[in-house]
Amino acid sequence: MQKMLVKPLQKLRNSLSEVNTMTEYALRMGDGQRIFMTKEQILTDLQEGMADAADLGTIPDLSGDELDKLVDIITTSSRMVGVEPGMEVPVTHDISTIRIDGDQGNSGVGIPSSRLVGMMMHERAFGADTMELGHIDYSYKPVKPIISQEQQTMEVCQQNMIVPLLYGAMPNMGLYYTPDGPFPNPGDLMKSFKIKEAQEAMEGAAEHLTRDIVWIMQRMMASGADGINFDTIGAAGDGDMFASLHAIEQLRKEFPDIYIETGMAGELMLGLHGEMEYDGTVLAGLWPHEQAPLAAKAGSNVFGPVVNTNTSKSFAWNLGRAVTFIKEAVKASTIPCHVNMGMGVGGIPMLETPTIDAVSRASKAMVEIAGVDGI
Amino acid sequence: MSKEEMFKELSDAIVSCKQDLVLAVIEKAKSEGIAAPEIIEKGLAAGMNEVGIMFERGKLFLPHVMMASGAMEAGVKMLEDDMPTDAPSDKLGVIVNGTVEGDVHDIGKSIVSTMLQSSGFEVHDIGRDVPLQDFIAKIKETDANMVGMSALMTTTMPGQKEIIEMLKEQGLREKVKVMVGGAPATQAWADKIGADCYAENASEAVAKAKELLV
Chain A
16 MQKMLVKPLQ KLRNSLSEVN TMTEYALRMG DGQRIFMTKE QILTDLQEGM
66 ADAADLGTIP DLSGDELDKL VDIITTSSRM VGVEPGMEVP VTHDISTIRI
116 DGDQGNSGVG IPSSRLVGMM MHERAFGADT MELGHIDYSY KPVKPIISQE
166 QQTMEVCQQN MIVPLLYGAM PNMGLYYTPD GPFPNPGDLM KSFKIKEAQE
216 AMEGAAEHLT RDIVWIMQRM MASGADGINF DTIGAAGDGD MFASLHAIEQ
266 LRKEFPDIYI ETGMAGELML GLHGEMEYDG TVLAGLWPHE QAPLAAKAGS
316 NVFGPVVNTN TSKSFAWNLG RAVTFIKEAV KASTIPCHVN MGMGVGGIPM
366 LETPTIDAVS RASKAMVEIA GVDGI
Chain B
6 MSKEEMFKEL SDAIVSCKQD LVLAVIEKAK SEGIAAPEII EKGLAAGMNE
56 VGIMFERGKL FLPHVMMASG AMEAGVKMLE DDMPTDAPSD KLGVIVNGTV
106 EGDVHDIGKS IVSTMLQSSG FEVHDIGRDV PLQDFIAKIK ETDANMVGMS
156 ALMTTTMPGQ KEIIEMLKEQ GLREKVKVMV GGAPATQAWA DKIGADCYAE
206 NASEAVAKAK ELLV
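The listed protein sequences derive, respectively, from chains A and B. Numbering (the working numbering) for the first sequence: 16 to 390. Numbering (the working numbering) for the second sequence: 6 to 219.
Chain A with its partners taken away, still in its complex shape:
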């Protein structure tokens, strides 16, 4: 009897020791919470995230080699990682103008400084390859009444800086609806089943937004700006994208050498209007690989795709999903793709100050697997 028990006990001891020695790696959830996962669990989450993107976007899966490489990147023991030599990409920075001066409410570090100082620190100390001048309100519409101040600041910055300096803000079409703007609020109209009226309000707002962006950039270009950064196109739905694409088209026509960076707000173009088209393509429901060709067609130099982070899923799940989407966007784009990487996008957890472990790993994956041209 005793002899009969020896073998099963030995087996149990062996398997327990295997469990005890199974390596776990430190990761994060999409909300930043620290978690530990085995290599197998990481691979499973990567595959599930990838499958989600492939299913939603009707795009191909990553290859086995690419998944293996993602596992390697995630499980690297170093706290932070970097790209392989020779794979370095340009890095640009939005709103860095106030990143130094601003407090945590706008992702800053609260060190008193001017916008010029903030930008020069990014240019000369932090390695940013292009920069943008932006105002604390950071939407195009509120720039109108302070345009002279912005023009003067642009001139001073251009006299002190070397890297290409764009003017940047959010299209933010929501500012054109009541109570902030002249058009009735489509949200209220929809609730009353006034769909046509809601669509008309969005069409009117889009026209005003295009007009304002062009008006502002005419003045900023006269003050020496190298170009424009559209930050978070589509935040107010398909009308926001419609207006932005038309502004890009007009700016390209008026300023043939202008540098235009077209950054998106989210992975899916929300159809608040639902029927707006650009170049014969309905904007509602477009995924990053479908948005890229339209940005190029309108006249952009660089497309900035976005994939949102799911805070209830692991970093592995989010990264697998983000890389799958962005790889396809890079493939579909005829212009360089500079992926948006930061809090809550690109697989990075949603934290006000994103953690370096996640930021560096996600960035390396985007460059080496998705093939982005910049960040």
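Derived by calculation from the structure, the hints in this document are not laboratory data. The reader is advised that the hints may include incorrect statements.
Calculated lysine to any residue pairs in the SDA-like style (CA-CA distance at most 25 Å, straight line) [as the list claims (entries may be wrong)]:
1. A:Lys209 to B:Val109
2. B:Lys64 to A:Glu215
3. B:Lys64 to A:Ile210
4. B:Lys23 to A:Met205
5. A:Lys206 to B:Pro189
Using the hints, position chain B against chain A.
Using the frame of chain A, we list chain B on its own:
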């Protein structure tokens, strides 16, 4: 054109939110002698199901859902006179049906009302965004033996529970059967708040109402 092709055309017209086309296909279906309940179930409702799936997948958005609902509503209205009705003396029960306060969703509830009516129930559709007290008042006024409550949002679902409490307070709960429905509602929710049944769609609503009242 076969019946199946006609249902497909009708369903596609709903998905593409083309109300004129919906009405034209219904006209064609009627002239072919297809029964109204079949047109609703296999054409209009099938189209709305597809709209729901596409909405979930980010292919269609709120304006599309609302326009498709509008087209379906117009289609159902066009078929109202063709729905089979039993003589009033044969009525299977009296039902008060409405969408609870704070919730403006109408279409699903209206389809349920139409289907219940065409199945032989006397239905009093009190509309959408109905103050909870109005449900009780209508039940008393019509001497109803069932109440149907729709809620399309998690924020308005508690209204269904409150009406059940009000029925208890007024001593009506034993006499009045309670049916709940709407996208966020489930059988578990119905059990939790003490409703008599949950119906996922209009056909199920008719079946459950017959089960409880006939």
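Verification of the supplied hints:
{"no.": "1", "hint": "A:Lys209 to B:Val109", "in the structure": "12 Å, holds"}
{"no.": "2", "hint": "B:Lys64 to A:Glu215", "in the structure": "22 Å, holds"}
{"no.": "3", "hint": "B:Lys64 to A:Ile210", "in the structure": "18 Å, holds"}
{"no.": "4", "hint": "B:Lys23 to A:Met205", "in the structure": "18 Å, holds"}
{"no.": "5", "hint": "A:Lys206 to B:Pro189", "in the structure": "19 Å, holds"}
Going through the hint list in order, the structure satisfies each hint without exception.
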